[in-house]
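Peer 1: We have chain A; now place chain B onto it with these hints.
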Amino acid sequence: MTRIIGCGNLNRGDDGVGIYMADRLREYGIPAETCTGDATGLMEVWCGAADVLILDAVCTGAPIGTIHQWDMRHSRLPARSWASTHGFGIAEGIELARKLGRLPKRLRIYGIEIAQFAAGTDLSREVRASADKLLQRVIANHFPEKQ
Amino acid sequence: MTARTIQVDTLARVEGEGSLYIKMAGERVADVKLKIYEPPRLFEAFLRGRHYSEAPDITARICGICPIAYQMSAVHAIERALGMCPDPAIRLARRLFYCGEWIESHALHVYMLHAPDFLGYQDVIAMAGDHRAVVEKALRLKKIGNRIVSLLGGREIHPISAVVGGFYKLPTKTQLQELVSDLEWALQASIETVQWTTGLEFPNFEQDYEFVALRHPEEYPLCEGRLISNRGLDIDAAEYEDHFTEVHVKHSNALHSVVRGRGSYLVGPLARFNLNFDKLPHLAQQAAAAAQLKPPVKNPFRSIVVRAVELVFACAEALRIIHEYEPPAAPRMDPPNRAGMGQAITEAPRGILYHRYAFNDRGLILTAKIVPPTSQNQRRIEDDLREYAAQLVAWTQEEATWKCEQAIRNYDPCISCATHFLDLTIERHSDEK
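These protein sequence lines are chains A and B, in that order. Residues 730 to 876 (the numbering used here) are what the first sequence spells out, left to right. Residues 5 to 437 (the numbering used here) are what the second sequence spells out, left to right.
Keep in mind the hints are simulated off the structure, nothing from the lab. None of the hints are false.
Below 27 angstroms or equal to it, Euclidean Cα-Cα: the simulated BS3-like pairs (lysine-lysine) are:
{"hint": "1", "chain 1": "A", "residue 1": "K828", "chain 2": "B", "residue 2": "K147"}
{"hint": "2", "chain 1": "A", "residue 1": "K828", "chain 2": "B", "residue 2": "K407"}
{"hint": "3", "chain 1": "A", "residue 1": "K834", "chain 2": "B", "residue 2": "K147"}
{"hint": "4", "chain 1": "B", "residue 1": "K283", "chain 2": "B", "residue 2": "K298"}
{"hint": "5", "chain 1": "B", "residue 1": "K141", "chain 2": "A", "residue 2": "K828"}
{"hint": "6", "chain 1": "A", "residue 1": "K834", "chain 2": "B", "residue 2": "K141"}
Here are a few chain B residues that sit away from chain A, every Cβ distance over 10 angstroms (derived from the structure):
{"hint": "7", "residue": "K39"}
{"hint": "8", "residue": "V184"}
{"hint": "9", "residue": "G203"}
{"hint": "10", "residue": "D240"}
{"hint": "11", "residue": "A334"}
{"hint": "12", "residue": "A398"}
{"hint": "13", "residue": "Q410"}
Think of the CB as a built atom: it goes at the ideal place given N, C-alpha and C, for glycine as much as any other residue.
The following block holds chain A by itself, in its conformation from the complex (with noise of 0.2 angstroms):
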């Protein structure tokens, strides 16, 4: 089964989208994980899965609300693309992995363009609208059943 582990932190703004999606597909039952610490943390909470999906807010000057995918056994991250409000970051936590030999076999990143991350705001109108249009794809892609 994936493993779905959405990143960020609810209390900065759109930096909490990927934490959003996670919560929101408990409520169709079906297993996510969260990583809001810094991102040493993720390789402990995809062990043992072999198939990883990621969730997370990103950076990188494209249209708010743009869905990025990226396949991390086969490409890096774009330098500096990552909005993250925590020291270590996802793209340092996978270069890590990578480095290790912990990358799961298989692991994918959903980013969403995101807005701003200020403190103590909601998820932007646009991110929202992705995330949830997002988090349709990944249940009709990976859990089918709960449709």
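Peer 2: Frame of chain A, contents of chain B only:
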């Protein structure tokens, strides 16, 4: 006449957002500014009007690396204001909680943030290629610290169980016993960490510091003790503001803390080690002796070895507490409702953290003051760089930049209440005559 500029756009491996500017005129350092430009976060202001019971959870949000330090300073200050004296078992549980944070934070800094400087790697990812076993050890140590924090605090990041009077919930003795085998491994790994860091190469750089740390009559300091220094300071937390003051400098949004009438001072592992060596457990003293580390250690680059010694302490202390711990009759005391004012200082991994609260008879906070360790070390970091950068002329641009960043990381600065990156600029001019 030559002028050179060194610029590093992203100095990761510090917590916080800031930049460093160094101007050289020949061999003379003309200017050093550690600039912290993150907007003020105003925690002290928005604590006002909130009930004192909210302070531990609100202030824990100041930092993702050391939230327990904020919780412990907050609960101790408020309990002092209320004249509360929690059960000795709660005191032990708090020390264990704090040990978890120290293990997590020191393992992160020693191996993943500071070691790459000494070994010539850009970061721990590059280092992991050649030192896989070392990085795996760091991750396991960090995870064990996290486990302690989760067990006592309810979760790893921004734990939620600490409360004025104790904890919402305390683990059972059996749950604590489950940590023992991991901690026994961690203790051995920490001793190996001391040995490993001892083999690193240290610049020849010593300074005449005023070391400031807590001192407790019976134990290595975490939550309690008098505040002392090697220059005669010996005060209660309630007297802190009589002896220390914060000053605003134009180039930083973080205030500089100074000893009144004297200036900069140093808090953190070096200060604790130098002022409390006799209170370290035997194993930690032994590890220090094997590393030929004796107080006073005045070379800030050796702080990586001292942190490793403190890892030994934190693991040994955690094991001692688990062995002695008997759960209290109740996980917390109910605090009385009354007006009060109290101060407390605890030892965050990177140095002392001062809190003061005053609240009215409904428990609503009237004033709050928080002085974090990085604010206390900030002036000292600039002073170090002023001295250290004078050696820049003998170095290449690249070496000079690298060494200055490393000198900042000696302090494990946690500007994280703010930042992710630090830009470093060094301007070099030949001596203008």
